[in-house]
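*Asks:* Throw the hints in and build the complete structure from the sequences for me.
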Amino acid sequence: KQEVTQIPAALSVPEGENLVLNCSFTDSAIYNLQWFRQDPGKGLTSLLLIQSSQREQTSGRLNASLDKSSGRSTLYIAASQPGDSATYLCAVTSNTGKLIFGQGTTLQVKP
Amino acid sequence: GAGVSQSPSNKVTEKGKDVELRCDPISGHTALYWYRQSLGQGLEFLIYFQGNSAPDKSGLPSDRFSAERTGGSVSTLTIQRTQQEDSAVYLCASSYYGGGATDTQYFGPGTRLTVL
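Here the protein sequences come in this chain order: A and B.
If you're matching positions, the first sequence starts at 2 in the numbering used here and goes up one per residue.
If you're matching positions, the second sequence starts at -11 in the numbering used here and goes up one per residue.
Source of the hints: derived by calculation from the structure; they are not laboratory data.
Any given hint might turn out to be false.
Here's a subset of chain A near chain B, in silico, CB distances under 8 Å, partners left out [as the list claims (entries may be wrong)]:
1) Ser47
2) Leu50
3) Leu100
4) Ile101
5) Gln104
In this text, all values refer to a predicted model and were calculated from it rather than measured experimentally.
Glycine residues also receive a C-beta, built at the ideal position from the N, C-alpha and C atoms.
*Replies:* Encoded structure:
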C-alpha cells in the first residue's frame, strides 16, 4: 500500500530565506508526483507536476525534484515571502489518477 | 473559464440525518474525484468517476456513503445516517483524462460538514 510522508510537519522561517520541503513515498510505481498549496479554508492549488520520467520541474521561485528510485521528492522555495505562508501537500498519482497525499507541511514566513 | 464549484460551502446537520453534497466539475473534464480532509486522517481519496461510471470506489468508508454522476458532469455525494466521525471537509476535483503522467486535478473549495 502506497504511503506518503512529509517532513517537517511545520516550518517557520524569516522572509527571504530559501527553504526545502521533503516528501517520501513507499512504492516507486507512480505516474507522477504533484505539489499542492492549500490556504486556510480553501481548496488545493496545483503548484508543480513532475512526471515519473522527469527529474525536476520549475515554476518561478519554486523547484521540485523527483528521485523515483529512492522514493523522494523535494520542493525548494527560493527567497521566501510572507505570501508563501500556507500548507504544502505532496501527492503521488496511481494509474487511475487517484491522488495519495502526505500529511502536509505548514509553512509560516515571517516578515 | 469557471473552476470546480461545490455546494453548499458549509453544512451543519444532526447525527442520523442524510446529507447531499454537490460538485460541478470543469466543463469538458471526463474524470471527477471526491476526497475527504479531516484532522486526524489528512486528505483521503473516496471515489473516482470516469464519465458516469465509478471504476474506483475503494475509498468510501462505509455503505452509508454513495455517489453518482449524471450526464458526465455534476456529481452528488450522499451520506446517509450521518455520524459525528463524518465531520470533515469534502473536496471535489476534476481532470481532463483521469490518469496518465500529465493529468492535473483541479480542486473545488470544498464543503465543510459538521455533524452535531
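*Asks:* Evaluate each hint against the coordinates.
*Replies:* Hint by hint, here is what the structure shows:
1. Ser47: Constraint on A/Ser47 satisfied, holds at 5 Å.
2. Leu50: With a closest approach of 6 Å, the A/Leu50 hint holds.
3. Leu100: Hint on A/Leu100: holds, closest Cβ of chain B at ~6 Å, below 8 Å.
4. Ile101: holds, 7 Å
5. Gln104: Because about 5 Å separates A/Gln104 from the closest Cβ in chain B, which is inside the 8 Å limit, the hint holds.
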